[in-house]
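Chemist: Chain residues, written in single-letter form:
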Amino acid sequence: MLGKSTFCGEALFCTKVLPGHFRNAFCITSESEERAYVAAVRGMSDTLQRNDTRITPGRDRMLTCVSLATFLCFLWYADSYFGDYSIRILNNIAIFTMLAVSYNLINGVTGQFSLGPNAFLAIGAYTSSLLTLSPEEKLRTFIIEPLVWPISEISVSFPVSIVAAGVVAALLALLMAIPVFRVRGDYLAIVTLGFGEVIQVVANNVVSVTNGPLGLKGLPPYTNLWWSWGVCLLTILCVVRLVNSSYGRAMKAVREDETAAEAMAINAFRTKTLAFTFSAFVQGAAGGLLAHLITTISPSLFTFMLTFNLLIMIVIGGLGSTTGAVIGAVLVTWGGELLRAFEEPVTVFGYTYEGIPGMRMVIFSVLLVLVMLFARSGIMGRHEFSWQALINRCHLIGNFLRRHS
Amino acid sequence: MSGVFFRTERLTVSFGGLAALSNLDLEIQEGEIVGLIGPNGAGKTTAFNAITGIVKPSRGRIVFLDADITGWRTPRIARSGIARTFQNIRLYEDLTVTENVMVAAHCSVRYSVVEAISGLGRFRSDERRIHERAQFLLDLMGLTRFAREKAGSLPYGSQRKLEIARGLALNPQLLLLDEPVAGMNPHETMEFCELVRTIRTELGLTVGLIDHDMGFVMDVCHKIKVIDHGIPIAWGTPQEIQNDPKVIAAYLGETSA
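Chains A and B, in that order, give the protein sequences. For the first sequence, position 358 matches number 358 in my numbering, and the numbering has no gaps at all. For the second sequence, position 151 matches number 151 in my numbering, and the numbering has no gaps at all.
A couple of the hints might just be wrong.
[As the list claims (entries may be wrong)] Only part of the chain B face toward chain A is listed, based on derived beta-carbon distances under 7 Å:
#1 A78
#2 R79
#3 G81
#4 L95
#5 E99
#6 V109
#7 A116
[Said to hold, decoys possible] Okay, the calculated bits of chain A under chain B, using three or more residues with CB under 8 Å as the criterion:
#8 229-242
#9 249-255
#10 258-266
By construction, these hints were calculated from the structure, which means they are not laboratory data. Quick caveat: nothing in here was measured; it's all calculated off a predicted structure. Quick reminder that beta carbons are idealized off the backbone N, C-alpha and C, glycines included.
Given these sequences and hints, build the entire structure.
Modeler: What follows is the structure, encoded as structure tokens:
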């Protein structure tokens with residue numbers, strides 16, 4: 001194994017650097033022979049050194065199905081035996097994964113710096129809450145000013161409200177995209193940042209729709225593990241498929257070089273609008289799920305800090321990688337809870353640590369700095385998960401362990 | 001077709017008060033290879049940028065296949081059949097070589113976003129078609145062995161070839177090459193000369209090119225336009241251009257009396 005790979009390395013070196021030397025050394029005379037040889041060597045080195053991309057859809061599909069089934073079993077187990085706290089964390093992970101994956105589509109894949117997810121989340125949360133609350137509950141909640149007419153009478157089922165939440169968020173995103181993407185530059189960041197603030201102000205002041213600072217209470221707790229993870233997995237599937245299609249390639253081309261993308265007949269405006277609207281749709285739907293998870297929403301829930309957290313997730317995971325967004329969301333959501341241990345009093349060897357409130361944020365920041373120092377492009381870089389890469393990595397680790405034991 | 005294949009009429013581009021290009025009349029017949037030469041800063045790249053809609057012409061007209069394309073947006077011009085390469089290579093560096101070529105075939109994609117997400121309808125057949133087209137073009141340009149590499153990791157000469165392969169994926173009728181052999185050694189230039197001829201005959205292309213390598217330009221072009229300081233000074237076959245006193249003056253300076 002070792003000898004073979006060294007040989008390949010040598011042959012590759014020859015073909016790349018010393019074509020003449022290569023030909024003499026192996027007494028290869030004709031062009032075609034050489035080409036065949038080079039192809040063979042490259043093929044060998046492909047299987048040994050690099051991520052093997054032999055097409056094995058059958059095996060990959062089977063592995064995906066098995067792991068998905070395992071995950072669903074885990075969800076079932078969690079749903080039946082886990083405590084409220086753990087289930088809540090699992091739900092949060094699902095919703096933040098949705099948010100991070102969709103946020104990554106516009107920020108990482110298309111390269112347009114948006115700061116708007118908190119606004120779309122708020123819009124989605126309010127839309128779906130107003131749609132699922134029963135007319136009696138609405139009458140009881142809106143004590144300052146009564147809710148305006150058509151909304152006060154409407155009551156739809158939970159799935160419909162989630163879709164509606166997505167649609168409203170997407171429509172608002174479309175309205176913003178039309179002026180913003182007509183011009184080039186980082187205007188999207190400014191406009192979405194402003195939009196987030198406007199939404200806050202509207203939520204606080206248009207009392208006859210949002211109930212002002214009191215917010216909406218007593219929402220039916222529809223969101224459970226099946227809903228949150230179902231929608232989350234569906235989102236990941238849709239985003240992955242979109243990114244791997246020609247539309248996704250167009251998005252990446254716009255990120256890499258907008259002028260060159262346009263010279264290749266890609267309508268940059270339409271591509272950016274598609275990515276932005278799509279991500280707003282997902283964020284709106286996530287808002288609906290979040291509202292029915294925590295059952296009480298108020299304007300103060302949707303501050304800029306939320307966007308900031310999402311930004312941390314996708315940067316830690318690797319800007320531009322959907323896999324990275326998932327990893328980032330899980331790490332930050334779950335890790336944030338694990339770090340709570342540092343805020344509680346502990347006694348170790350007779351020494352009592354009182355626990356400092358806010359300590360977890362300090363540790364979190366330090367970890368962030370470390371990531372930015374030692375893994376600047378995030379955990380995944382721009383790579384995506386593939387079974388082959390995972391298997392190769394396992395082989396590498398296996399070989400390493402064998403050599404050192 | 002009796003109409004015009006490609007023509008610019010008094011094409012002028014000004015940046016502020018500076019006329020980067022003035023009154024360029026350039027006519028390209030179908031199937032020709034036409035060169036655009038001139039000293040540095042003469043306005044050659046500006047002409048290409050104006051033709052492809054990257055800068056807005058301040059005056060004049062551009063006619064392509066009997067349609068007035070002046071003032072069209074870049075993607076529309078590209079879709080109408082004009083592909084180009086860039087002087088300072090502009091690839092999508094973080095995408096693979098195959099993806100780079102496939103990006104340019106986006107305008108020929110017939111499936112919708114919904115079909116892309118669901119994987120139904122024309123998605124599979126279209127993706128296969130684009131992929132096969134990309135493989136064909138990479139093969140034509142001799143880049144097949146790099147297919148899965150990142151475009152940014154390719155050697156310089158191959159990056160230039162990849163840019164052409166990407167342009168060809170648009171299925172253009174007119175291919176504009178901006179300094180395609182810059183930085184190549186004489187041997188590579190000769191190979192490239194053959195390549196240009198091959199793609200022209202195999203794909204039925206018309207080619208417009210800019211270059212400073214006079215040997216290459218004289219060798220490959222049927223007609224040559226010379227511009228200096230934004231002003232067209234000569235037009236003709238390579239022989240005529242080589243003997244034109246105005247061209248010699250522009251390149252070597254006026255002979256003082």
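Chemist: Against this structure, judge whether each hint is valid.
Modeler: Evaluation of the provided hints:
1. At about 4 Å, the closest approach between the beta carbon of A78 (chain B) and any beta carbon in chain A falls short of 7 Å, and the interface hint on this residue holds.
2. For R79 (chain B), the suggested interface contact is upheld, since its CB lies about 4 Å from the closest CB of chain A, less than 7 Å.
3. Evaluation of the G81 (chain B) hint against chain A yields a violated restraint, the C-beta minimum of about 10 Å exceeding 7 Å.
4. Among the interface hints, the one on L95 (chain B) holds; its C-beta lies about 6 Å from the nearest C-beta in chain A, closer than the 7 Å criterion.
5. The restraint placing E99 (chain B) at the interface with chain A holds, with a minimum CB-CB distance near 6 Å, inside the 7 Å limit.
6. For V109 (chain B), the interface hint holds, since its Cβ comes within 7 Å of a Cβ in chain A; the closest pair sits about 4 Å apart.
7. Satisfaction of the interface hint for A116 (chain B) is found here, the shortest Cβ-Cβ separation to chain A being roughly 4 Å, below the 7 Å cut-off.
8. Here's how the segment 229-242 of chain A fares: 3 of its residues keep a CB closer than 8 Å to some CB of chain B, so the rule of at least three is met and the hint holds.
9. A stretch counts as covered by a chain when three or more of its residues have a beta carbon under 8 Å from one of that chain; for the segment 249-255 of chain A and chain B the count is 4, and the coverage holds.
10. Against chain B, the segment 258-266 of chain A contributes 8 residues with a C-beta closer than 8 Å to a partner C-beta. That satisfies the three-residue criterion, and the hint holds.
Consistency note: the structure conflicts with earlier hint 3 alone.
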